[in-house]
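Participant: Sequence:
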Amino acid sequence: MENQKVRRMNKTDTKNIFIIGFAIFAMFFGAGNLIFPPYLGLLNGKSWFLSFLCFIIMDIGLSLLALLVVTKTGKGTEGITDKLGTLPSILILSLNAVCLGPLIAIPRTAATAYEFSIAPFFPELDTKVFSLLFFLAVVLFCLKQSKVIDIIGTVFAPLILAALLFLIVKGIVSPLGAVELQTAASSAVRDGINAGYQTMDVMAAMIFSASILLTIKQKGYRDTKMQFKIISASGLLATIILFVVYGGLAYLGATVSAQFPADIDRVALLIAIVKALLGENGMVLLGVLVCAACLTPAIGLLSSSASFFERQAKGKVSYRAFVLGFAGISYVISNFGITRILALASPILNILYPVLVLLVFMGWMEKWLPNTAVYRSAASGTIVISTLSAISEYLPVPVHIANLPLYEYGFQWVLPAAICGLIGYIFTKERTSRQRRIIGNIAART
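Number 405 in my numbering belongs to position 405 of the sequence shown; there are no gaps in the numbering.
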């Protein structure tokens, strides 16, 4: 970062922090994340807070770390992956942008919005018609790239937060039951870690960071230290909001831990809680909440993925062309339904996500890592294990993936990554020592 003194915050900075912080909250709080915390509360009863803490660390903690690392590099998302080499870097980032863009995440938002917000009230409305209207709205909000974060932070975020707080306060004032279920702390920790990891929000953080940084620069923050300060404060604000919201939703789940079985569908649980607290009219609130919670990530993801590919095309294809093209692809895929979208998504995400988590941690520890060989070796080991893990879901593999440490938490790739990184370090150190000896011998002879 530039060696400059960072000026003190003023009122404009505070306003921008609130807008960006609210936008970060809204973009990460997708409809998918709405169903995780109540289910954690249901499973863990009296241990709900411990499980929730593990969830928030693995979800928001990792996502905030990714945002900070991207900002710290000063090179955007490419700053995290560039040590792998140009081609692997572009490939990983492009796969991430495609998966979270038109291939999986954006279509899923439309399909989820339909099933929650439209199907219960207007079942006669065709999915294709709703998806068309949904993506037209998303495109309209995305066309002016410089305003995307401001729109999300000032329009959608307050609406989502108000609806959530109304539901949570109602559940605290008039609890649905006593928190009675007793579970082991180890189970609560495992459930929280698994749920937080499965949100895969680090992938979203990687792609959102470009739009957030663009907004910060357009607001006049050119100094990298000030950019880091603004995004740190905004990220902290978003984390506090998500902590309150996710914690409240987990508590609501805990209050019905004695009323529903552990194998209840997560969506059914959320609907049951809303109906118990607010009656049938509560479904209207839930429909509005889910629709808004689907629109915000769709807007953020479409804008961010279009911006990424515009940069890769070096401006030869415009941002608006990518927005329109990706919206069209998303529209087609969204009509396949959530089940098919998730079936397509699972193997790709299970291979890609561990690599991105690894690179985020390595990017944060960059000054302690000696060379690019460590990055490449560790990433190679992670890709091999995560690929075998994905294949093992469908076919038998020669390696017993389930026997690897931390398998139950989804971190079976950590030990292979550490071993491969260490091998890369030792090999490079030995090769460097040998090169120095050869150079020394040549110098001595001359």
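It cannot be assumed that every hint is accurate.
[To be verified] In silico DSS-like pairs for lysine-lysine, Cα to Cα no more than 25 Å straight-line:
hint, residue 1, residue 2
1, K75, K147
2, K170, K75
3, K367, K75
4, K15, K217
5, K367, K229
6, K225, K147
7, K316, K15
8, K144, K219
9, K83, K147
10, K144, K367
11, K229, K75
12, K147, K11
13, K72, K147
14, K72, K225
15, K229, K72
16, K75, K275
17, K15, K314
18, K170, K11
19, K147, K217
20, K219, K46
21, K83, K314
22, K83, K367
23, K217, K128
24, K11, K75
25, K217, K229
26, K46, K225
27, K72, K316
28, K225, K367
29, K219, K11
30, K367, K147
31, K219, K15
[Said to hold, decoys possible] Quick list of simulated restraints, FRET-style, between CB atoms:
hint, residue 1, residue 2, range
32, K46, R311, 24 to 34 Å
33, K367, F411, 32 to 42 Å
34, F427, L165, 36 to 46 Å
Because the hints were derived from the structure by calculation, they are not lab data. Here a beta-carbon is modelled for each residue, glycine too, at the ideal position from N, C-alpha and C.
Participant: Now, for every hint given, state plainly whether the structure supports it.
Facilitator: Do the hints match the structure? See the list:
A distance of roughly 22 Å separates the Cα atoms of K75 and K147; the hinted pair therefore holds under the 25 Å criterion. Taking the CA atoms of K170 and K75, the gap is about 45 Å. The hint is violated against a cut of 25 Å. Among the hinted pairs, K367 with K75 is consistent with the structure: their alpha-carbon atoms are about 16 Å apart, no more than 25 Å. As the CA atoms of K15 and K217 are separated by approximately 15 Å, the hinted pair is consistent with the 25 Å bound.
For the hint linking K367 to K229, the alpha-carbon distance of about 20 Å falls within 25 Å, and the restraint holds. Note on K225 and K147: the hinted pairing holds, with a Cα-Cα distance of about 23 Å set against a maximum of 25 Å. At most 25 Å may separate the alpha-carbon atoms for a hinted pair to count; K316 and K15 exceed this at roughly 35 Å. Distance hint between K144 and K219 is fulfilled; the C-alpha atoms sit about 15 Å from each other, no more than 25 Å.
Under the criterion of a C-alpha separation no larger than 25 Å, the hint pairing K83 with K147 is inconsistent with the structure, at around 32 Å. The hinted pair formed by K144 and K367 fails the criterion: a straight-line CA distance of about 38 Å is larger than 25 Å. Proposed proximity of K229 and K75 is supported: the alpha carbons are some 16 Å apart, at most 25 Å. For the hint linking K147 to K11, the alpha-carbon distance of about 20 Å falls within 25 Å, and the restraint holds.
Distance hint between K72 and K147 is fulfilled; the C-alpha atoms sit about 24 Å from each other, no more than 25 Å. The straight-line distance between the Cα atoms of K72 and K225 is roughly 8 Å, inside the 25 Å bound, and the hint therefore holds. The suggested pairing of K229 with K72 holds, with an alpha-carbon distance near 10 Å, which does not exceed 25 Å. At most 25 Å may separate the alpha-carbon atoms for a hinted pair to count; K75 and K275 exceed this at roughly 48 Å.
With a C-alpha separation of about 33 Å, the suggested pair K15 and K314 falls outside the 25 Å cut-off, and the hint is violated. Proximity of K170 to K11 is assessed by CA-CA distance (about 34 Å); at most 25 Å being required, the pair is judged violated. With a C-alpha separation of about 13 Å, the suggested pairing of K147 with K217 holds against the 25 Å cut-off. Between the alpha carbons of K219 and K46 the distance comes to roughly 46 Å, so the proposed pair goes past 25 Å and is violated.
Of the supplied pair hints, the one linking K83 and K314 holds, its CA atoms being roughly 21 Å apart against a limit of 25 Å. Restraint check for K83 and K367: the C-alpha separation of about 13 Å stays at or below 25 Å, so the hint holds. In summary, the hint linking K217 to K128 is not supported, as the alpha carbons are separated by about 38 Å, beyond the 25 Å threshold. Restraint check for K11 and K75: the C-alpha separation of about 28 Å exceeds 25 Å, so the hint is violated.
Of the supplied pair hints, the one linking K217 and K229 holds, its CA atoms being roughly 13 Å apart against a limit of 25 Å. Between K46 and K225 the CA atoms are separated by roughly 43 Å; this puts the pair beyond 25 Å, and the hint is violated. Between K72 and K316 the CA atoms are separated by roughly 28 Å; this puts the pair beyond 25 Å, and the hint is violated. Proximity of K225 to K367 is assessed by CA-CA distance (about 17 Å); at most 25 Å being required, the pair is judged to hold.
Distance hint between K219 and K11 is fulfilled; the C-alpha atoms sit about 13 Å from each other, no more than 25 Å. Under the criterion of a C-alpha separation no larger than 25 Å, the hint pairing K367 with K147 is inconsistent with the structure, at around 35 Å. Straight-line distance between C-alpha atoms of K219 and K15 comes to about 11 Å, which keeps the hinted pair within the 25 Å bound. For the pair K46 and R311, the beta carbons lie near 49 Å from each other, so the given range of 24 to 34 Å is not met.
Hint check: K367 to F411, Cβ distance near 24 Å, so the stated range 32 to 42 Å is violated. A C-beta distance of roughly 55 Å is found between F427 and L165, which places it outside the suggested range of 36 to 46 Å.
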